[in-house]
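Engineer: Sequence:
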Amino acid sequence: MTYHADEKGYYGQFGGAFIPEMLYPNTEELRQNYLQIMEEPSFIEEFHRLLQDYVGRPTPLYFAQRLSDKYKTKIYLKREDLCHTGAHKVNNTIGQILMAKRLGKTRIIAETGAGQHGVATATVCALMGIECVVYMGEIDIARQAPNVARMKMLGAEVRPALSGSRTLKDATNEAIRDWINNPVNTHYIIGSVVGPHPYPDMVARFQSVISEEIQSQLLEKEGTPNPDFVVACVGGGSNAAGAYYHYLDNEDVGIIAVEAAGKGIHSGESAATSALGKIGIIHGSKTLLMQTQDGQITEPYSISAGLDYPGVGPMHAHLYTSGRGEFISITDDEAMTAGLMISQLEGIIPAIETSHAFAIFDHRKFEKDDIVVINLSGRGDKDLQTYIDYFKL
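Going by my numbering, the sequence shown opens with residue 1, and the numbers climb by one from there.
Since the hints were made in silico from the structure, they are not lab data.
It is possible that some hints are incorrect.
Think about it this way: if two alpha-carbon atoms lie no more than 25 Å apart in a straight line, the pair counts; the simulated DSS-like pairs of lysine-lysine are [said to hold, decoys possible]: (1) LYS8 to LYS278; (2) LYS70 to LYS221; (3) LYS70 to LYS365; (4) LYS221 to LYS72; (5) LYS368 to LYS221; (6) LYS365 to LYS221; (7) LYS392 to LYS263; (8) LYS72 to LYS368; (9) LYS70 to LYS368; (10) LYS101 to LYS152.
Turn these sequences into a full structure, and let the hints guide you.
Structural biologist: Structure (structure tokens):
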């Protein structure tokens, strides 16, 4: 039994490539080449050099003393908020821009919700001198204004998605339309472990640097490479996939995924896909998906733009249905309270996405000697206005 993707891009029953015929050449070119390119010594050398010298890896594994004292267990934070651009997203965009160059692409498109993936994509396009167009829902453009400004400063064109809920799902739809119309010169940098094969597997492999570092850092600090639990927030799920990757098939390590319950799982304003989802197809992948009785996608809701997605990556759908992963849903109020708590206990203002992961300690008890690693996927700068409005700061 493995929880990694098979050669056809399936995690158990989830994954695959359910795409219109017009997209087939785009994904097929990538599928035939991605593993071979990723294994080239020159690619590996350039990828790791940029991760070290440009992104600032390895990121620290920090023992959160005051948080550990409060919840009477050992809590480590994997500090992805210290990456260049402020989140884990740049690990993947560095990998994909190198991939695009080797495939001869001269134009990059991307979708973004919270804006962190958009910023990370615009950053690497500036680094490599490649044209960049980022699609972003109109609502997300309004609530993530600092990241929109950053993308524009980096030279990217930000195109609003005006259809549907005007959030991440709709930005992805617009990006896919663009890709269909520009198949030869354009590479689509998907920001999460979603989309048609090979994207979920490719993005997970680029993000797996997170769990690779956790193993060596934990060995140094605790004498074992294995925590008792790895915890991460899940929207599409790339930060979680990176944190889980080297532990997927090691069942001694518990996997905890934290989703956004919005105003309550059954409030009608939620993004808790594991609790509400049924099997369906979204953006080219078979996965768990929030949908009506007749298969229409229902609008997700979360106070955090990065978790506001109606589906979940196929890796996570498989972790949930197989029982390998433990899924916990956290409301807006619980996440915001946890974000303020971490700020005042540890002097770290987390992204609201990550704040959901910190809220689990009021739901889930751990033993005194348990080693719990939380992937602190991003910093809270982009969310300051939301924090200000919520807490009347």
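Engineer: All hints are to be evaluated individually against the structure, with a verdict given for each.
Structural biologist: Going down the list of hints, with the structure as the test:
Between the alpha carbons of LYS8 and LYS278 the distance comes to roughly 22 Å, so the proposed pair stays at or under 25 Å and holds. Under the criterion of a C-alpha separation no larger than 25 Å, the hint pairing LYS70 with LYS221 is consistent with the structure, at around 21 Å. Note on LYS70 and LYS365: the hinted pairing holds, with a Cα-Cα distance of about 12 Å set against a maximum of 25 Å. Distance check on the hinted pair: LYS221 and LYS72 sit about 18 Å apart at the alpha-carbon level, within 25 Å; holds.
A threshold of 25 Å between alpha carbons decides the hint, and for LYS368 with LYS221 the separation of about 17 Å falls inside it, so the pair holds. As the CA atoms of LYS365 and LYS221 are separated by approximately 23 Å, the hinted pair is consistent with the 25 Å bound. Taking the CA atoms of LYS392 and LYS263, the gap is near 19 Å; set against the 25 Å cutoff, the hint holds. Using a Cα cut-off of 25 Å, the hinted pair LYS72 and LYS368 holds, with the two alpha carbons roughly 6 Å apart.
Restraint check for LYS70 and LYS368: satisfied, since their Cα atoms lie roughly 11 Å apart, inside the 25 Å limit. Between LYS101 and LYS152, the direct Cα distance comes to roughly 22 Å. Compliance with the 25 Å bound is thereby established for this hinted pair.
Consistency with the previously given hints is maintained throughout, with no hint failing.
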